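Student: Using the sequences and the hints given, assemble the complete structure.
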Amino acid sequence: MKKLLVSLGVLAGVSLLAGNAEAATKYVKIGHSNHNFVKTQRQLKVNGTAKKVSYTIPKGTIVEAKQDNIPNNKRKYVRLDMSRLSYRLRGNHHDYGTKRILATTKTFKKVHVPKYVQYYTTQLTYPSHISRNRVADGNLYAGLKIPDNLDYTKSNPTQRIYVTADGYLEYYAKAPMLSPTVKQVPTVSAKITQVERKSGSSLTKLYTKKAVPTAIADHISKTGSQRYVTTINRRYRVSATVSYVKQATTNVGSIDMATQYQVKKHNFFMASDVVFPEE
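Residue numbers (mature numbering (1 follows the signal peptide of the UniProt record, and there is no 0)): -23 to -1, 1 to 256.
None of these hints come from the bench; they were simulated from the model. Note that this is a predicted model, so its numbers are computed, not measured. Where hints are given, some of them may not hold.
As the list claims (entries may be wrong) - Here are the simulated DSBU-like cross-link-like pairs (lysine-lysine), alpha carbons at most 30 Å apart as the crow flies:
1. K76 <-> K51
2. K187 <-> K168
3. K83 <-> K51
4. K241 <-> K92
5. K53 <-> K6
6. K199 <-> K187
7. K182 <-> K160
8. K87 <-> K36
9. K28 <-> K51
10. K131 <-> K51
11. K122 <-> K175
As the list claims (entries may be wrong) - Quick list of the computed label-pair ranges, beta carbon to beta carbon:
12. A188 <-> N110: 33 to 39 Å
13. K131 <-> T102: 41 to 47 Å
14. V90 <-> V251: 20 to 26 Å
15. P190 <-> S105: 38 to 44 Å
16. T26 <-> P254: 29 to 35 Å
17. I47 <-> P254: 32 to 38 Å
18. Q171 <-> K83: 29 to 35 Å
Beta carbons are placed, not taken as given, at the ideal position from N, Cα and C, and that holds for glycine.
Tutor: Take a look at the structure:
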């Protein structure tokens, strides 16, 4: 009987210690928006949602995380958006999601929105009762608006500019329009070495040491880490592309909004919102 009591006491002690350890675990605060920036506090080996896909993320990497908690579970979880990382880390995949990861402060540290992605509004969300979805993801495509009757099953190659969460400027000379998860290799992927952006300014200047094509950048120095500069000018203008219901061609099905930009005086746009007319 004494041995049984001792065993029960040990089990109770172990349970209490486990409970205390769980209570002492600290989690980073992750919101429900699509753009929550965190920095890895250790090297991570993350499994993707697709079979046999895994990623290695170095310590000190800024990534985007989205809350994905389990009902009735006190633990806090996130999933990472690997499409927001540079090509060297994400590789070529159709699915850039990850398995759930515990959002502890030992693994992640919440950080402010990096200055190099502030050429667009990352924190804007809409109430659930408003028929409008925010889709802005940082991708800039050549042109003024989303083309009418865009066929997503075709490549529709065009120039694409992308700034990743971990601070890389990527340029694609020919990329499928509005299909960033389709397998594609950047023409160049250059680490951003400095960012110049004044408060309230429409200009974001991204400096790199690695050469960036003259289509989007200026070569300003032969030495140092700021040899090339790409200036993204947000024009604060929007365009709209109306899509009609196939069965009733006079009825509007949705309206695709795009924010306009200029890079080296060339027009670019970012798909920003999808509006669904009220019935």
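Student: Hints first: check each against the structure and report whether it holds.
Tutor: Consistency of the hints with the structure:
This hinted pair checks out: K76 and K51 have alpha carbons roughly 18 Å apart, not beyond 30 Å. The straight-line distance between the Cα atoms of K187 and K168 is roughly 7 Å, inside the 30 Å bound, and the hint therefore holds. As the CA atoms of K83 and K51 are separated by approximately 17 Å, the hinted pair is consistent with the 30 Å bound. Proximity of K241 to K92 is assessed by CA-CA distance (about 20 Å); at most 30 Å being required, the pair is judged to hold.
Pair hint K53 plus K6 holds up; C-alpha atoms about 9 Å apart against a cutoff of 30 Å. The straight-line distance between the Cα atoms of K199 and K187 is roughly 11 Å, inside the 30 Å bound, and the hint therefore holds. A hinted pair counts as satisfied when its Cα atoms are at most 30 Å apart, and K182 with K160 qualifies at roughly 28 Å. With a CA separation close to 14 Å, the supplied pair K87 and K36 stays within the 30 Å bound.
Between the alpha carbons of K28 and K51 the distance comes to roughly 28 Å, so the proposed pair stays at or under 30 Å and holds. For the proposed pair K131 and K51, the alpha carbon gap of about 45 Å is over 30 Å, so the pair is violated. For the hint pairing K122 with K175, the CA-to-CA distance comes to about 27 Å; that is within 30 Å, so the pair holds. Our hint of 33 to 39 Å for A188 and N110 holds, since their Cβ atoms are close to 38 Å apart.
Between K131 and T102 the beta carbon distance is about 32 Å. The supplied range of 41 to 47 Å is therefore violated. For V90 and V251, the Cβ-Cβ distance of about 23 Å falls inside the hinted range of 20 to 26 Å, so the restraint holds. Against the hinted window of 38 to 44 Å, the Cβ-Cβ separation of P190 and S105 comes to about 42 Å, which satisfies the hint. For T26 and P254, the hinted distance range of 29 to 35 Å is satisfied, since their beta carbons lie about 33 Å from each other.
A C-beta distance of roughly 36 Å is found between I47 and P254, which places it inside the suggested range of 32 to 38 Å. In this structure the hint that Q171 and K83 lie 29 to 35 Å apart at CB holds, the actual value being about 31 Å.
The structure is inconsistent with the numbered hints 10 and 13, although it conforms to all the rest.
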